[in-house]
Amino acid sequence: MNIRAMRARAAKSTDIARDRGSATVFAAAISLVLVMAATAAVLVMAVILASHRARSAADLAALAGATAEVGGGDACQAAGANARTNRADLQTCQVAGEKSSFVIAVTVTVPTGLRPPLPVTVRVEAHAGSVAG
Amino acid sequence: MKVTRRSDRGAVTVEAAFASVALVALLAVLVSAIGVVLVQVQCVDAAGAIARQAARGDAAGVAEAESHLPKGGHFRIRTTAATVTVRVESRTSVVPGSPVTIDLAAESTAVLEPGGSS
Numbered sequence: 001m002n003i004r005a006m007r008a009r010a011a012k013s014t015d016i017a018r019d020r021g022s023a024t025v026f027a028a029a030i031s032l033v034l035v036m037a038a039t040a041a042v043l044v045m046a047v048i049l050a051s052h053r054a055r056s057a058a059d060l061a062a063l064a065g066a067t068a069e070v071g072g073g074d075a076c077q078a079a080g081a082n083a084r085t086n087r088a089d090l091q092t093c094q095v096a097g098e099k100s101s102f103v104i105a106v107t108v109t110v111p112t113g114l115r116p117p118l119p120v121t122v123r124v125e126a127h128a129g130s131v132a133g
Numbered sequence: 134m135k136v137t138r139r140s141d142r143g144a145v146t147v148e149a150a151f152a153s154v155a156l157v158a159l160l161a162v163l164v165s166a167i168g169v170v171l172v173q174v175q176c177v178d179a180a181g182a183i184a185r186q187a188a189r190g191d192a193a194g195v196a197e198a199e200s201h202l203p204k205g206g207h208f209r210i211r212t213t214a215a216t217v218t219v220r221v222e223s224r225t226s227v228v229p230g231s232p233v234t235i236d237l238a239a240e241s242t243a244v245l246e247p248g249g250s251s
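So the protein sequences, as listed, match chains A and B.
All residue numbers for the first sequence refer to my numbering, where the first residue is 1 and numbers rise by one.
All residue numbers for the second sequence refer to my numbering, where the first residue is 134 and numbers rise by one.
Pulled out of the complex, with its shape left as it was, chain A reads as follows:
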């Protein structure tokens, strides 16, 4: 029996699996991994983006509060108003020290747009104070 005949007989028998389709299964498995990686990446990106927005908003809210404090206004109200303008929410606001030398501490949150098991908001703290001298 020559090689060609052997191969033809092997192809007819049902107990020998053919290779056809095996690459598709392999590709499907890799696609699944890629899609899962993509989903994870999207979630991480949402949190990273929100954290940068929160960092920026917290810094500016603290500065707005400090500016109001120096000007004799309500520091926390000013900080809250500035945070809202930057689409962040002022969570806590504390002014320590007297007029000549004070520190304002604020925390703001920015929504990530994700669902509850995942972080819904990102919270960032920032400080500002009077310029010494």
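Keep in mind that the hints were calculated from the coordinates and are not lab data.
It cannot be assumed that every hint is accurate.
[Stated by the list, open to error] Which residues of chain B face chain A? A partial, calculated answer using Cβ under 8 Å: (1) Val174; (2) Val177; (3) Asp178; (4) Gly181; (5) Ala184; (6) Ser241; (7) Val244; (8) Glu246; (9) Pro247.
[Claimed, not checked] Computed footprint of chain B on chain A; a stretch qualifies when at least three of its residues, placed anywhere within it, have a C-beta under 8 Å from a C-beta of chain B: (10) 29-37; (11) 40-46; (12) 65-76.
[Unchecked claim] Pairwise CB distance ranges (calculated): (13) B:Val169 <-> A:Ser130: 36 to 44 Å; (14) A:Ala41 <-> B:Ala150: 22 to 30 Å; (15) A:Leu118 <-> B:Ala158: 24 to 32 Å; (16) A:Val35 <-> B:Glu199: 36 to 44 Å; (17) A:Val44 <-> B:Ser226: 16 to 24 Å; (18) B:Ala214 <-> A:Pro117: 43 to 51 Å.
Using N, Cα and C, we set each Cβ at its ideal position, and we do this for glycine too.
With chain A held as given, fit chain B onto it using these hints.
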């Protein structure tokens, strides 16, 4: 003896070729999405930094903060009596080098500091 049956030989290679093209395309979409978000993050950071410097009336600081603009990005400063608003815009290729672009923007508002006027 003649074999009339169509051979499976090469089938896996052809499948693998199609599959790898699809996988590379999927990977490219994933990587470019990450790239777009990174540019958006740059826009947010630049808007915040420029707004903070502009509120102090620090022209040199604004010039320094401009270096954090994403590639091809530009910004506009709007000043009111008490606040300064910076809007950073960037037209970014979805896939680097492709004509398909997406417009990204970020806005930041800071309260003008005493003695600072931009």
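Exercise. Tell me, which hint numbers fail for this structure?
Worked result: none
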